[in-house]
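**Student:** Sequence:
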Amino acid sequence: MGRKKRESTRIRSFKLPVRLYDLLKKASEDRNLTVNATVWRLVEDFLIEFGYMDDKNRKRDSLRD
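Mapping of the sequence shown onto numbering that gives the first Met the number 0: residues 0 to 64, in sequence order.
Among the hints, a few may not be true.
[What the hints assert, rightly or not] No more than 20 angstroms apart at the CA atoms, straight line, and that leaves these computed lysine to aspartate or glutamate pairs for EDC-like:
#1 K55 x E6
#2 K24 x E43
#3 K24 x D44
#4 K55 x D44
Calculated from the structure, these hints are not laboratory results.
Take these sequences, add in the hints, and give me the full structure.
**Tutor:** Here it is, written out as structure tokens:
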């Protein structure tokens, strides 16, 4: 059963240097978030800041709040 999906997803992978991943993991743990949730928020923040997405279309809270 599981939890209800927020929206359809596409699985992709990307490479990060170990030093960046370790910092991302620590930042996520400090905020009690998963790494995936943190990346999601970072991407939405970026897209909104540069005009590719409206804040009203955000699915997760900003990391800047």
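**Student:** Evaluate each hint against the coordinates.
**Tutor:** Now for the hints, and whether the structure bears them out:
{"no.": "1", "hint": "K55 x E6", "verdict": "holds, 15 angstroms"}
{"no.": "2", "hint": "K24 x E43", "verdict": "holds, 18 angstroms"}
{"no.": "3", "hint": "K24 x D44", "verdict": "holds, 18 angstroms"}
{"no.": "4", "hint": "K55 x D44", "verdict": "holds, 12 angstroms"}
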